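Trainee: Take the given structure of chain A and dock chain B to it, following the hints.
Read off the chains here:
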Amino acid sequence: MNFGFTEEQNMLRDQVARFMQEACPIPKVREIGASQTGFDAALWQQAAQLGWLSLIIPEENGGLGLRWIDLTVVLEETARGLCPLPIASQAMTAAAILRCGSDSQKSSWLPAMAAGEVVCTTALYDDPNWIHPDAVQLTATPVEGGVRLDGVKPFVPDALAADYLLLAYRGPDGLGLAALSRDQVTFTPQPQMDSTKPAGRVVMDAVTVGDEFLLPLSEADLDYLTDVGAVAVTAEMVGAAEAALNMTSEYAKERIQFGKPIGQYQGVKHRLADIYVDVESFKSLLYYAAWAVDEAPDELPRAISMAKGYASDAFARIGIDGIGLHGAIGFTAEYDIQLYLKRSKWARPMYGDSDYHLDRVATLGGL
Amino acid sequence: MDFEYTADEQAFREEVRDFLATNLPPREERGKDFLANWLTNVREKGWVGFSWPKEFGGSDGGLVEQAILREEMAVAKAPPLGTSFMGLAWVGPGIIQYGTEDQKRRFIPDILDSKVIWCTGYSEPNHGSDLAAIQCKAVREGDHYVVNGQKIWTSGAPWSQWIILLVRTDFDVDVKHKGITCLLVPMDSPGVEVKPIENMAGDRHFAEVFFTDVKVPLENRLGDEGDGWKVTVSALANERSSIGEVTQMFGKLDTLKELVRTTTRQGRPASEDPKVRRTIAMFETKIAAMKYNGLRYLTKQIKGEPLSSETSVNKLHRASLEIEMDDFAVELTGQAGLLLSGSEEAVSGGSWAKSSLSWPNVVIGGGTPNIQRNIIAERILGQPKD
Numbered sequence: 001m002n003f004g005f006t007e008e009q010n011m012l013r014d015q016v017a018r019f020m021q022e023a024c025p026i027p028k029v030r031e032i033g034a035s036q037t038g039f040d041a042a043l044w045q046q047a048a049q050l051g052w053l054s055l056i057i058p059e060e061n062g063g064l065g066l067r068w069i070d071l072t073v074v075l076e077e078t079a080r081g082l083c084p085l086p087i088a089s090q091a092m093t094a095a096a097i098l099r100c101g102s103d104s105q106k107s108s109w110l111p112a113m114a115a116g117e118v119v120c121t122t123a124l125y126d127d128p129n130w131i132h133p134d135a136v137q138l139t140a141t142p143v144e145g146g147v148r149l150d151g152v153k154p155f156v157p158d159a160l161a162a163d164y165l166l167l168a169y170r171g172p173d174g175l176g177l178a179a180l181s182r183d184q185v186t187f188t189p190q191p192q193m194d195s196t197k198p199a200g201r202v203v204m205d206a207v208t209v210g211d212e213f214l215l216p217l218s219e220a221d222l223d224y225l226t227d228v229g230a231v232a233v234t235a236e237m238v239g240a241a242e243a244a245l246n247m248t249s250e251y252a253k254e255r256i257q258f259g260k261p262i263g264q265y266q267g268v269k270h271r272l273a274d275i276y277v278d279v280e281s282f283k284s285l286l287y288y289a290a291w292a293v294d295e296a297p298d299e300l301p302r303a304i305s306m307a308k309g310y311a312s313d314a315f316a317r318i319g320i321d322g323i324g325l326h327g328a329i330g331f332t333a334e335y336d337i338q339l340y341l342k343r344s345k346w347a348r349p350m351y352g353d354s355d356y357h358l359d360r361v362a363t364l365g366g367l
Numbered sequence: 001m002d003f004e005y006t007a008d009e010q011a012f013r014e015e016v017r018d019f020l021a022t023n024l025p026p027r028e029e030r031g032k033d034f035l036a037n038w039l040t041n042v043r044e045k046g047w048v049g050f051s052w053p054k055e056f057g058g059s060d061g062g063l064v065e066q067a068i069l070r071e072e073m074a075v076a077k078a079p080p081l082g083t084s085f086m087g088l089a090w091v092g093p094g095i096i097q098y099g100t101e102d103q104k105r106r107f108i109p110d111i112l113d114s115k116v117i118w119c120t121g122y123s124e125p126n127h128g129s130d131l132a133a134i135q136c137k138a139v140r141e142g143d144h145y146v147v148n149g150q151k152i153w154t155s156g157a158p159w160s161q162w163i164i165l166l167v168r169t170d171f172d173v174d175v176k177h178k179g180i181t182c183l184l185v186p187m188d189s190p191g192v193e194v195k196p197i198e199n200m201a202g203d204r205h206f207a208e209v210f211f212t213d214v215k216v217p218l219e220n221r222l223g224d225e226g227d228g229w230k231v232t233v234s235a236l237a238n239e240r241s242s243i244g245e246v247t248q249m250f251g252k253l254d255t256l257k258e259l260v261r262t263t264t265r266q267g268r269p270a271s272e273d274p275k276v277r278r279t280i281a282m283f284e285t286k287i288a289a290m291k292y293n294g295l296r297y298l299t300k301q302i303k304g305e306p307l308s309s310e311t312s313v314n315k316l317h318r319a320s321l322e323i324e325m326d327d328f329a330v331e332l333t334g335q336a337g338l339l340l341s342g343s344e345e346a347v348s349g350g351s352w353a354k355s356s357l358s359w360p361n362v363v364i365g366g367g368t369p370n371i372q373r374n375i376i377a378e379r380i381l382g383q384p385k386d
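In the order they appear, the protein sequences are chains A and B.
Residue numbering for the first sequence follows my numbering, starting at 1 and increasing by one per position.
Residue numbering for the second sequence follows my numbering, starting at 1 and increasing by one per position.
By construction, these hints were calculated from the structure, which means they are not laboratory data.
Just to be clear, a hint being listed does not mean it is correct.
Residues from chain A shown here face chain B by an in silico Cβ test under 8 Å; the list is partial [what the hints assert, rightly or not]:
1) Lys253
2) Gly263
3) Leu285
4) Trp291
5) Gly366
6) Leu367
Computed far set for chain A versus chain B, every beta-carbon distance over 12 Å [what the hints assert, rightly or not]:
7) Gln21
8) Asn61
9) Asp150
10) Gln184
11) Pro216
12) Glu219
13) Gln338
None of the values given here were measured: they were computed from a predicted structure.
In this text, a Cβ means the ideal position worked out from N, Cα and C, and glycines have one as well.
With the rest of the complex left out, here is chain A (with noise of 0.2 Å):
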């Protein structure tokens, strides 16, 4: 019995934080943010060289062959500072590959994405708000070694960075993975909420994928996708709202009013002390999501659905009252504390809702 980190996690743990302290700091991020990808490939380059981009990448195919719950360290501790790199994106696309890819897809891109030398990102589904098959809207039609696409991926995630996207489309025997370079699509870029999770509309053009660049996805492809993806993104979650909960709670021991730091009401030390609860609470759940992708795969629908389903409404509630505890100067352009609202608006809808992993959890309790 032993629900806590080894001695190796925790170092990785502290070469992260030292990275974003160091390398991309808030001033940073914000830079990087306000440019027109939102991708910095220096930065990139030294993530890919503290093995970041290729920890669950297997040995044989060029990665660390470790396990999610590393890479939860990771996205934890870089989305505490907001770090913007699409290294989630790259490990969703690692993942999908590992899952659905043939043993020379593996062998022949792998080490590419483990390296670094290529950005990748993957987008699954189509409708704005819905995780379900029938939300991969994208239609191939087969023609002669390979298939057609003609249409869009509205929400493809890092989307402008991408070298190389991997794209769900249905076709007529159903489900299935493209992967394209972005030379063969057109981007438009959107204007976010949130700058540091940049991404953008991808259109295809009577685009012809051979069937060396497809890869199969079924049903339970799909929703294993989804759920690492929630793992990923809710591993963001943890590491924003602790950090959010920081800012708040320190501004509120240095802010006079009345003649009395703020923290010393109720009215704002109660509700500090709400927000540690479901931060502490959110991240034990998650921790067991996410040591349950490698270990417990059975769990991980319900696990997940349970983390993400707390997580999503509570840091949505935690970055509004952020802003709230901060007053007037929360409100502001010039303090971070608004990038993890955003931040927090961003991860709510990503790889389902509260009210999508509530009712699954109803389903699998047996409801």
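Mentor: Then chain B, alone, in the frame of chain A:
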């Protein structure tokens, strides 16, 4: 990170299960000697005061074994391991930590053997949450103290034989936490009067306890004079793993789900109502969060890292769940949910209605939710004290 148990731990779990299979017959088959036999048998196994040192009659049980024992007992819905909940939870540990050799010899065996029931005299009419401000007075006269004052909300007082009592021995102190002393007092001492208070559920569990010139021998003082606050706080800090409570709450959730499955709402099955589904799912999610919070804190303890006040997190969850689950059952079942036992329309024999009026037992006793929030904000987040 792993959720495996060692071979020894597994073997212990099997031992507990085997014991329960033999010693815990179904409710309808239990004879009138059942409880007495149960108490004798668990005592012989060394499971009463399981974590206490062997030299005082305990078993030196490890943290994981304690959690296993609690979990299995809760799964089996077994009776308590002794008749004195408070004796086992903090009076015994307090005496082991602060008591004299004579006190250990006099009190510990009776607690373990379920011969004596203890109650706890902390709250006073004007001092509940603000416990350190107590006024119940003890004056030293020769070889004894003379106690005058009143306690209130004393759970179990009507049927307890002993009380662990906080009194003020010094009124001239700069900080209210000083000048408090802890005394062990027989409830049949001359001058002790118990007046039960009826609660809103119609039960008479708690009471006012009056002390008029009650003589308490010096050898019944626990710890030094003026050290009562320290004794109390460290005894209450004898934090237990919440695994037993979590298991109980999962059991209650199952009963609630069964109620949902057999109830209609506006003419439709309640189980199809999105609000009902979401509410039940959030209960389940919060109980699971308590479970995994508890395992994280248990892991810290096993690694020898000090716990701060993290256990307040689960106390807050438990408080809100105790209130909300019963309230939800009552709301779900409409007018029938309001009925107490005694009519055929009552839901589950009126048990939800009854428990929806009984939550303060758990929620207010041992520190209100707002006190838990103060603890988290001040001790963990470092906010200034009120």
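Trainee: Run the structure past the numbered hints and jot down the numbers of the failing ones, going up.
Mentor: none
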